[in-house]
Amino acid sequence: MTEVWIAIAAMTAVSFAIKAAGPVVLGGRSLPPAAERLIALIPAALLTALVVTQTFASHDGRALVLDARAAGIAVAVVAATRRAPMLVVLVLAAGTTALLRLAG
Amino acid sequence: MARVRDEPEAEDTYAAGFRAALPLIVPTLLIGASFGVAATSIGWTAVAAVVMSAIVFSGAAQFAVVAVLGAGGSVVAAIIAATLIASRFLAIGVAIGPSMRGGPVQRALEGQAVVDASLILARVSETGYGARRLLGSTAPQYCGWMLGTVAGVVAGGRIADPEALGLDVVFPAFFVSLLVGELTTAAQRATAAAAALIALALIPVAPPGIPVIAACASLLAGHAVERRTRGAA
Chain H
1 MTEVWIAIAA MTAVSFAIKA AGPVVLGGRS LPPAAERLIA LIPAALLTAL VVTQTFASHD
61 GRALVLDARA AGIAVAVVAA TRRAPMLVVL VLAAGTTALL RLAG
Chain E
105 MARVRDEPEA EDTYAAGFRA ALPLIVPTLL IGASFGVAAT SIGWTAVAAV VMSAIVFSGA
165 AQFAVVAVLG AGGSVVAAII AATLIASRFL AIGVAIGPSM RGGPVQRALE GQAVVDASLI
225 LARVSETGYG ARRLLGSTAP QYCGWMLGTV AGVVAGGRIA DPEALGLDVV FPAFFVSLLV
285 GELTTAAQRA TAAAAALIAL ALIPVAPPGI PVIAACASLL AGHAVERRTR GAA
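Residue numbers (the working numbering), protein chains in the order written: chain H, 1 to 104; chain E, 105 to 337.
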């Protein structure tokens, strides 16, 4: 149990520092236009990478797998590009994945 | 309608942020419950699981700690695994940081409210973020995460399995619907395509966390496309 508390204490410090870094260093600064344009691309980069890893990475995160999640996300992509409301997108994605798992 | 860009997103209010994050409450609750179940099933006390959720507040990092320790790994390995997964908050902080106001202590504390979805939910302009929107959009996710963790440690295995309900795709599906409004320019699309390729290439060879932070290299692809399109114009 001691090592659990060590891990919790360490992650408290690490995650505080990581989340504080950008706001403390860059807070209130106006950046050069070139930097602003790069920063405007960060959401596209990170959210895409998160979708890819949360869809195609295995449970331990170390292998590429194609499973019921991919079908759910494919449905989400179709629904979202057809401008379906957010909740509809989420329900369709979860429902597709759940049904495939039930069948599989 | 739920498309964030069509909402009055320029509004930096707690309520606007809160509304944007509402679809995430139930999934966050159930995934929080699955964390509580997973942590107590490998022998953690209920207090440890709840304290971790309260102060670390990062599903991916917390599951990584449980997975490594549960598999008999060392505490150092668990901390490294969780740190790699948390590394993306450096990049998110670079995006949101310049918009933060107040002294360094206030900025550091408000920065703790940042979660993945804040990249879009807390935004008030192309590169500007609002502290009130940030706090408002994180609050329902924090409440869901805490209530879920408590429910998980109390109810144990009697909680519905989030995977059987397909809830593990809710967050990526949420990001997909945010991305559809995001990928409007050639530079944005080039960035996303490069990020996807980088992540796919790195998943089999790099530890979890690295594929996401390394995908920031895709900004260079987006930047190159942007320069070319502006040069052509």
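Think of the hints as simulated: they come from the structure by calculation, not from any bench.
All of these numbers come straight from a predicted model, not from anything done at the bench.
Built from N, CA and C at the ideal position, the CB exists for glycine as well.
One thing to keep in mind: the hints can contain errors.
With the C-beta cut set under 8 Å, the calculated list includes, among others, these residues of chain E facing chain H [unchecked claim]:
1) 116
2) 118
3) 127
4) 155
5) 201
6) 212
7) 215
8) 250
9) 270
10) 280
11) 291
12) 292
A quick look at each hint next to the structure:
no.	hint	result
1	116	violated, 15 Å
2	118	violated, 18 Å
3	127	holds, 5 Å
4	155	holds, 6 Å
5	201	holds, 3 Å
6	212	holds, 4 Å
7	215	holds, 4 Å
8	250	violated, 15 Å
9	270	holds, 3 Å
10	280	holds, 5 Å
11	291	holds, 6 Å
12	292	holds, 5 Å
Checked against the numbered hints above, the structure breaks hints 1, 2 and 8 and satisfies the rest.
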